[in-house]
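K.L.:
Take a look at the letters that make up each chain.
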Amino acid sequence: MTRGDSLSRRLLVWLLLPLLVLGSLMLLQAWFEARRTADRAFDRLLEAASLAIAEQVQWQDDRLWLDLPPAALEMLATDAEERVFYSLIDRRGRMITGNAELPGDQREAVSDDDTLLYRDVTWQGLSVRQGVRRTRLEDWQLREPFEVRVAHSREGRDALAAELWRANLAMILAMAALAIVALLLAIRTALAPLTRLRRAIRSRDPRTLAPLELRLPRELAELRDTVNELLARMRRVRANQERFIGDASHQLRTPLAGLSARAELALRQDDPARWREALVAMQATSSRTARLAMQLLSLTRLANPEYRPERAPLSLNAIAREAVREHWTACHRAGVDLGVATAAADVEILGIDWQLAEALGNLIDNARRYGARHVTIRVGEQPPSLSIEDDGPGIPAARRTLMLRPFHRDRDDLEGSGLGLAIVDGIARTHGARLAMSAGPGGVGLRVTLRFPGDSP
Amino acid sequence: MSPRRHSLTPSLRRAGRRLLAWLLAFPLALPFTFSLTLSLAIPAVHAAESLRYPTTFDGDAAAALVIHGALDLPQVRPLLDAFHRDHPDVALHYRNLTTLALHERFLKAPAEADVLISSAMPWQYRLANDGQAQPLDTPAARRWPAWARWRSELFAVTFEPIVMVVNEAIIERFGEVRSHADLLALLERQSESLRGRVVTYDPAISGAGYTYAIEESRLSPRYWELVAALGEAEAALVGTTGEMLEGLIEGRYLVGYNLLGSYARERLANHPRLKIVVPEDYALVTQRLALVPRLAPHPETARRFLDYLIGERGQEVLARETPLGAIHPSLEGPGTAASLRRQRGDALRPITLGPGLLATLDDLKREALLTRWRREFMRRRRH
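Chains as they are written, first to last, in full-length UniProt numbering: chain A, 1 to 457; chain B, 1 to 383.
Think of the hints as simulated: they come from the structure by calculation, not from any bench. Ideal placement from N, C-alpha and C gives every residue a C-beta, glycine not left out. A few of these clues could be false.
Computed footprint of chain B on chain A; a stretch qualifies when at least three of its residues, placed anywhere within it, have a C-beta under 8 Å from a C-beta of chain B [what the hints assert, rightly or not]:
| id | stretch |
| --- | --- |
| 1 | 93 to 100 |
| 2 | 113 to 126 |
Chain A stretches covered by chain B per the calculated footprint, using a threshold of three residues with CB under 8 Å from any CB of chain B [said to hold, decoys possible]:
| id | stretch |
| --- | --- |
| 3 | 61 to 68 |
| 4 | 75 to 81 |
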């Protein structure tokens with residue numbers, strides 16, 4: 001389940017990745033939030049201290065006067081023992097008193113009244129948080145503005161922020177752990193039907209092609225149905241094969257039995273002339289049987305879906321002429337007129353020359369065998385096609401499809417194997433061509449047409 | 001002394017300098033020792049005082065250490081002897097300075113000394129607060145009591161109560177004086193007989209006196225009653241513990257108020273008629289603060305020395321061989337904070353090592369307090 005490319009791993013990765021990104025963002029946000037909270041909490045100290053100082057500011061002897069309350073400074077230092085700074089600034093920006101010349105705050109006050117501005121500043125290399133209180137003395141005649149600046153170092157804030165963040169961190173980590181556990185459980189549950197399917201397939205008898213009966217979720221049910229369709233096709237193919245094998249053995253047994261009978265008969269006689277007669281007959285039978293075996297072989301080869309021979313550009317005209325040259329003598333001897341009608345232009349297709357030659361040979365042979373007097377090979381251009389026309393008895397339209405089945409013979413014919421048209425059909429399929437049967441010219445005889453796809457390679 | 005004396009200070013530094021000048025009279029630098037009784041008023045002599053311990057090592061193994069301290073040689077010698085025995089590879093140079101000289105010298109040359117030891121608590125605190133000290137992170141530093149250190153940068157190494165000294169004659173005539181309340185009652189009842197025979201710090205000229213005044217005024221508002229009573233008795237105001245002890249020994253004064261206990265103990269050992277009283281109601285405790293400057297030239301040896309100073313060994317020497325008082329919590333017996341605490345318990349008020357000390361250094365604060373002090377002191381005075 002974890003080896004190589006796995007569904008559960010994919011799911012895990014694509015669910016965990018966003019979870020991780022989300023978790024990191026939450027941690028980051030928690031950190032900023034913790035800092036903000038700590039600052040808010042500790043800014044209260046700046047506020048209180050600056051107020052305590054501002055309350056002690058008086059006007060005395062024509063100047064600002066401050067009786068610094070030590071408690072104001074002490075409240076700025078928490079358990080973290082922060083460094084503490086303060087200064088009192090008059091209206092002209094001069095420092096009246098203090099232990100550090102803290103920088104001012106340029107920001108505009110929101111209102112003219114008592115205001116307090118916080119910010120982080122660096123004072124002599126120390127990172128401190130500063131609060132600037134702008135206020136004024138309100139006397140009977142006097143309105144003297146002044147500024148109290150207080151600051152302390154960040155140790156306490158940092159400690160509080162870290163503490164808050166750690167608390168958040170623990171929570172976020174716990175949530176992440178829960179989420180991951182839930183994720184793993186969810187993935188396992190979601191993928192459970194897949195495991196069931198796998199087990200069901202694995203536990204089957206390897207010879208059975210019965211359909212899978214299994215309740216599955218929709219996505220997997222489609223897969224199950226597809227598998228079942230495939231199984232059904234395989235069942236049909238196997239039935240066909242079994243019938244073919246039965247037919248083939250029957251076909252081969254008949255001539256072999258004939259041979260055996262003939263030889264036995266001849267052996268009982270002493271006349272060499274009889275022997276010769278028997279041998280001639282036996283030779284004819286055995287050559288017919290050999291041809292049958294050849295045809296069975298080529299049909300088996302054509303029926304093999306793994307068999308994909310290289311196709312090369314071929315000229316249909318040349319193929320037709322070659323077929324005539326090859327079969328002319330045999331036809332002539334049988335008194336059959338074999339002709340060819342080539343196309344005006346050369347027609348090229350992608351194909352296998354020996355297969356097409358065999359198909360033409362089979363068709364010519366069939367025509368001759370079934371009593372045609374004239375056989376014509378015709379090359380068509382649009383679409384590219386090869387046709388064999390004869391003037392024989394033809395085949396009634398209703399029975400034409402049956403003729404494509406192996407071992408199906410139109411008539412009781414001792415010579416034919418019943419494989420010829422089946423082989424032609426197989427060759428047509430190998431070429432992606434369509435095999436069509438119709439009546440010959442003038443409604444007489446039979447025309448078998450191989451229509452090739454496209455009009456040129 | 002009018003608030004006008006300190007007109008607006010344009011810069012902090014100048015304000016600081018004026019403060020320094022005023023604190024010249026800080027007595028804790030011990031300008032008064034047995035060997036120097038005759039040159040009481042010449043602190044310059046002490047500025048030249050120094051101790052050198054040459055290293056017994058040669059070459060690279062030798063390390064240097066420069067200590068600036070406001071601790072007199074007789075008191076510091078046992079400490080340095082012991083350190084030198086333990087670390088013979090350190091070439092040690094101790095300069096005895098007044099608190100003022102020590103501080104000014106540091107401001108001028110912050111990279112000169114490796115260790116600063118001074119009883120001027122506010123100044124030492126201020127240096128540390130400004131980030132001038134470097135932290136010491138050793139087991140001893142971590143164990144050091146929290147009240148006696150600030151962060152890990154500033155360490156209180158001694159424990160010296162502020163005491164009263166009462167002449168037996170007073171006790172014979174008017175009864176025991178054990179507390180501030182007793183003293184106040186005595187002054188109020190016997191202001192006529194004690195006129196001019198009581199001595200204390202003048203907070204206007206003594207930094208220590210001012211520090212105690214600020215601390216005591218924060219402790220109780222009755223302090224002002226005491227100031228008024230001192231004023232009614234026309235108490236003598238002086239600048240140093242040494243002056244007070246002189247006057248008490250000579251018999252000019254019968255009661256001394258707010259003397260540094262460590263000096264009084266040493267000085268009055270041969271004067272049984274003068275009784276040292278650690279007040280029972282409250283007794284301030286001052287501490288010498290040690291720090292390692294951020295720019296110390298030999299930080300490694302500096303940390304070793306400070307670690308020794310707050311370690312059991314240094315503190316034991318402090319307890320047995322000096323009158324300064326050891327703080328180390330595991331030490332018992334005479335000369336330790338623990339034994340003093342057992343005698344006085346909650347009455348002991350060590351000066352808090354916190355930002356409140358910064359307020360002590362505030363110019364306006366000082367003027368305000370001194371104005372009040374003077375007013376209270378003059379309140380009941382007959383003109």
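K.L.:
Decide, hint by hint, whether the structure agrees.
P.N.:
Hint by hint, here is what the structure shows:
As drawn, the stretch 93 to 100 of chain A meets chain B at 7 residues by the rule of a beta-carbon pair under 8 Å; at three or more, the given contact holds. Residues of the stretch 113 to 126 of chain A with a Cβ under 8 Å from some Cβ of chain B number 3, which satisfies the need for three, so the listed coverage holds. For the stretch 61 to 68 of chain A, the assignment as covered by chain B holds, since 6 residues bring a beta-carbon within under 8 Å of that chain's beta-carbons and 3 suffice. With 3 residues having a beta carbon nearer than 8 Å to a beta carbon of chain B, the stretch 75 to 81 of chain A meets the requirement of three or more and the stated coverage holds.
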